[in-house]
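Start from the sequences, fold in the hints, and give me the full structure.
Residue numbers (the numbering used here), protein chains in the order written: chain A, 1 to 290; chain H, 1 to 425; chain L, 1 to 238.
Hints were generated in silico from the structure; no laboratory data involved. Be careful, since some hints might not be right.
[To be verified] FRET-style restraints, in silico, Cβ to Cβ: (1) L:Gly144 with A:Asn158: 38 to 48 Å; (2) A:Leu147 with L:Arg112: 51 to 61 Å; (3) A:Glu80 with L:Arg112: 57 to 67 Å; (4) A:Asn158 with L:Asn200: 47 to 57 Å; (5) A:Leu73 with L:Ala62: 32 to 42 Å; (6) A:Arg110 with H:Asn88: 15 to 25 Å; (7) L:Ala62 with A:Val94: 27 to 37 Å; (8) A:His256 with H:Glu138: 29 to 39 Å; (9) A:His256 with H:Ala237: 27 to 37 Å.
[Unchecked claim] Mimicking DSS-like on lysine-lysine, the simulated pairs with C-alpha atoms at most 30 Å apart in a straight line are: (10) L:Lys221 with A:Lys167; (11) L:Lys161 with L:Lys138; (12) L:Lys161 with A:Lys167; (13) A:Lys137 with L:Lys60; (14) A:Lys137 with H:Lys242; (15) A:Lys260 with H:Lys135.
We put the CB at the ideal spot given by N, CA and C, even for glycine.
So the chains spell out like this:
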Amino acid sequence: MQQTINGLASGSIYALLGLGVTLIWGVLHVLTFTHAQVLTWGAFGSLIAINRGYPVPVAILVGMAVAAGLSVLIDSTVLEMLRRRGASEYAFVVATIGLAFMLESILRNRTRARVEPYSRDGFPRGPIELLGQNVPKLQLAVLATSLIAMAGLAIWLNHTRAGRGMKAVAYSPETATLLGINPRFIYAVAYTVSGMLAALAGVFVAVSTASVSYSSGDRLLLTAFAVIILGGMGSVPGAVVGGLILGVIEVYATVHVSSKFSEVVAYLVILVVLLVRPSGLFGAKEATRV
Amino acid sequence: MIARRVVGALAALMLVTTACGSDDDSSSSSADDENPAASEPVEESAEADDTASTADGASADSDAEPSEATVVRVGVPLDLSGPAAISNIGLSELSAMELALEEVTASGMLGETTIEMIPIDTKGDKQEAVAGVLKLIEQDDVDAIVGFTLTPSFLAAGPQAVEAGLPVIAVGVAAPGITEVGDNVFRIIPQVSSLYAANDAMIAETLGATSAAYLYTSDSETTVGIHEARLAALEDAGIETKSVQSNTTADTDFRAQLTEIQNSGADIMVISGFPGQFAGQFLQAEEIGLDIPVLSTDGSGRNEVLDQAGSAMQCVIYTASWAAQNETGRNPHFVEAVQTELDDEADLYYAAGYDGMWMFSTALADAGSADPDAIVEALNNITDFEGAFGVYEYDDNREPDISGINLQIQDNEVIPWTPDTQCER
Amino acid sequence: MTGSQGNAVLEVSDLTVRYGAAVALRGIDLVIGEQEAVAVLGPNGAGKTTLLRTISGLLKPAAGQIELDSHSMVGRPAYRIARAGFVHAPEGRSMIAPLTVTENLQLGAGRRARSDVAAGIDEMIELFPSLRARMGTKAGLLSGGEQQMVAIARALMAQPKVLAIDEPSMGLAPVVVDAVLEALRKVIDSGTSLLLAEQNARLALAVADRAYVLVHGEVVKSGNSDEFGDELIESYLT
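Written out as structure tokens, the structure reads:
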């Protein structure tokens with residue numbers, strides 16, 4: 001029970017990350033390698049706000065704004081240039097890898113590679129008794145916030161004009177254009193939302209460890225990709241379920257096998273899922289996708 | 001078809017990410033994060049086996065220079081540049097050696113003889129280390145080598161000095177097996193695993209513990225070695241093992257392991273890990289309400305760790321090979337001298353450099369000449385050497401018998417711990 | 001220039017489009033008046049689709065002018081041309097398959113107010129009664145005829161000045177074609193101008209007031225629909 005909550009809490013962070021990547025993949029068909037850096041920059045944004053004495057919710061919003069701004073900047077400069085040239089899928093991969101390195105080295109230089117303490121003041125602390133178990137309040141807060149963010153995203157995607165526009169652009173940018181929808185605007189919206197989700201995940205990671213450094217997000221990039229492969233590329237419910245499952249599997253693998261193999265076990269599960277369902281848990285069938 | 005493209009892209013990205021990952025590890029983490037027990041970076045020590053065991057020291061002095069020289073030349077190979085964190089360590093060691101040399105000269109203990117230090121930058125690179133040490137031996141004609149920052153540099157270049165028959169005092173390196181490279185190799189920083197093993201049982205007994213749970217970092221030889229030594233020592237002392245949990249250096253989430261430890265009902269938790277992860281570990285332990293006493297690893301009292309997690313670390317106990325709080329030997333003077341002369345806070349690396357130069361000077365004074373064999377003999381015979389690490393001497397394996405100091409975190413401060421120390425959580 | 005009725009809503013002059021070195025359209029002049037239905041006829045590959053794609057901004061012309069309500073459209077991004085009132089229902093109907101019929105129609109409504117959108121949807125159901133039962137269905141699951149209806153309805157949701165439809169009859173059963181043509185007549189009556197690109201000339205001429213015949217990217221004949229006798233149709237279009 002307690003371990004399941006541990007798993008769900010870290011899984012909800014994975015889900016936030018996976019959502020951002022899956023959104024970009026779904027809308028732009030770009031596998032965005034800058035995502036981990038966006039997370040880290042967002043976490044630093046919130047750190048600066050916290051260090052200036054802003055309350056936690058404001059600091060989180062600042063982090064989200066930084067990450068969203070950075071994401072939109074990446075999209076409207078480098079990626080837009082590539083789109084105009086009709087660059088191949090791999091050009092986007094290479095470009096975002098390059099950008100990720102650039103962003104990382106900027107942060108590394110600015111912070112002199114130091115691990116910065118991330119204050120936990122204002123965040124929930126200590127355990128709370130729930131059904132006879134000690135459950136960390138922070139874990140519950142992370143889980144609750146993530147679920148709210150995911151529900152908000154689902155409502156937004158399915159019941160608003162912008163959400164429909166996003167689905168239309170994802171399905172066919174040309175048709176969307178002919179209906180008066182500006183794809184560049186939709187791309188910017190997708191990057192904004194993706195950046196905000198990444199920053200939220202970044203804040204949670206930073207609070208969990210009470211620290212943030214230029215490399216805080218490194219390991220999470222692969223996790224995010226794993227989440228969307230498990231859930232199905234481009235699928236929003238897939239990213240949520242994939243993230244939560246991955247989190248729970250990792251925890252149980254850590255406990256019952258070893259932390260050394262928790263990732264191995266997690267990736268084994270993904271492999272098995274892919275063998276049975278090559279397009280992931282919620283992936284569209286290939287025919288309808290192409 | 002999409003699936004194939006995705007898999008292709010994914011394979012590419014995995015390659016890329018793993019490649020970047022390992023790159024980063026070797027450059028950034030070796031100095032700071034990979035550094036348990038506050039000893040200095042000790043990584044990938046396995047490579048130099050082929051060159052390591054060819055010591056035949058005894059026959060080297062037939063062509064040695066006349067020993068009545070009044071200037072004794074000491075080669076000082078250190079990693080002075082390279083990744084920022086490492087070069088800081090090397091520079092600390094160098095400036096502490098210079099500080100010690102000034103004190104030695106001022107003391108007059110060497111009479112007419114003077115020591116000339118010849119520093120050389122080995123740049124955190126094995127090739128540079130070998131080339132640098134060969135230059136010291138062949139061009140600069142040094143009488144001894146006192147230096148080395150990183151274990152890989154030492155394992156590559158140390159054998160050259162051993163072959164030349166020169167006395168070697170390894171200053172920075174902390175890996176096991178250093179002195180096995182040759183009969184003329186001595187070290188300053190003690191092997192941390194034996195240090196913990198020696199203190200843990202006493203601490204556990206004082207706390208009234210009959211069982212323990214362990215959390216250790218499983219992807220570093222150093223922490224695995226420390227963990228195994230501690231577990232064995234505590235079991236020998238009759239402390240039952242309730243749970244053994246591990247994490248990797250990449251982990252940021254330790255809740256699963258800590259929850260298992262909490263559920264195991266152990267009396268104490270023994271953590272063998274790296275400073276970069278302590279804050280997360282202690283904060284998450286507090287989060288889940290795990291409040292059994294903790295025996296941690298050196299580095300727990302670092303400022304940045306206390307900044308992050310100080311209040312969650314109340315009453316944590318750990319053993320350090322060196323600490324400013326140690327009042328024995330020459331340490332109080334050393335701490336003050338670093339403050340006044342170098343305008344800095346003393347740390348392990350200053351201490352290692354400082355004791356390295358004092359140790360050599362003491363042996364030189366005892367030997368009365370720069371003859372390599374005489375100095376090696378003098379080093380072996382030194383008793384009750386007073387240094388920054390306290391009072392110690394070399395055992396038969398040329399390892400220092402440094403006992404270390406037990407410390408406790410109380411109200412965000414590091415204080416010496418003795419069985420009488422009280423702590424309020 | 002053959003007589004336009006009243007003011008020109010859309011005026012295309014001397015339009016040339018190139019694909020690399022190849023000329024796809026050469027010196028096209030075309031006018032659509034208010035409430036006028038104009039057909040662009042021609043065999044496969046004559047340049048009908050290219051003409052529609054160029055007017056709607058998907059392709060950039062090499063030369064020439066395109067004016068909608070006397071405003072130049074050349075160089076404007078496609079979404080702004082759509083917002084300006086030239087709405088293009090492309091060949092193949094281009095449903096957003098994962099969205100329902102209602103959602104597809106909502107997409108077409110652009111920036112209309114919410115209540116206005118609901119009213120618009122009701123109008124469309126009136127125009128295409130057979131869609132009533134399908135409103136909640138994912139557009140990808142509809143039959144070809146239903147998709148064509150949704151495509152036209154979706155374009156109409158934007159209340160365009162000119163509705164451009166590419167090959168509305170393609171692949172449809174004759175009964176369905178009749179229903180579509182019937183609806184298009186109502187559209188014209190309600191005040192929208194129509195630009196119809198069709199291979200099936202008889203069908204197009206049944207709705208259109210005037211027609212242009214495109215062959216190899218050039219207008220070879222234009223005139224009122226009644227000027228196109230069977231012979232003419234045979235000679236150019238079969």
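Consistency of beta-carbon spacing, alanine 237 of chain H to histidine 256 of chain A, with hint 27 to 37 Å: This hint holds: roughly 29 Å between Cβ atoms.
### Message
Can you confirm whether the C-alpha distance between lysine 137 of chain A and lysine 242 of chain H stays at or below 30 Å?
### Response
holds (27 Å)
Problem - 30 Å Cα cutoff - pair lysine 221 of chain L, lysine 167 of chain A - result: Cα-Cα ~42 Å, so violated.
Look at the Cβ atoms of alanine 62 of chain L and valine 94 of chain A and judge whether their distance stays inside 27 to 37 Å. holds (33 Å)
### Beta-carbon spacing of glutamate 80 of chain A to arginine 112 of chain L - inside the hinted bounds 57 to 67 Å or not
violated (29 Å)
### Message
Check whether the Cα positions of lysine 260 of chain A and lysine 135 of chain H lie no farther apart than 30 Å.
### Response
violated (43 Å)
Evaluate the given range 51 to 61 Å for the C-beta pair formed by leucine 147 of chain A and arginine 112 of chain L. violated (34 Å)
Between the alpha carbons of lysine 161 of chain L and lysine 167 of chain A, is the straight-line distance 30 Å or under?
holds (26 Å)
Between the alpha carbons of lysine 137 of chain A and lysine 60 of chain L, is the straight-line distance 30 Å or under?
violated (59 Å)
Range hint 47 to 57 Å (beta carbons of asparagine 158 of chain A and asparagine 200 of chain L) holds or violated:
At 39 Å between Cβs, range violated.
Can you let me know if the beta-carbon spacing of histidine 256 of chain A and glutamate 138 of chain H is within 29 to 39 Å?
Violated: the Cβ-Cβ distance is about 58 Å, outside 29 to 39 Å.
Does lysine 161 of chain L pair with lysine 138 of chain L here, judged by a C-alpha cut-off of 30 Å? The hint holds at about 28 Å.
In this structure, the earlier hints numbered 1, 2, 3, 4, 8, 10, 13, 15 are contradicted, and the remaining ones agree with it.
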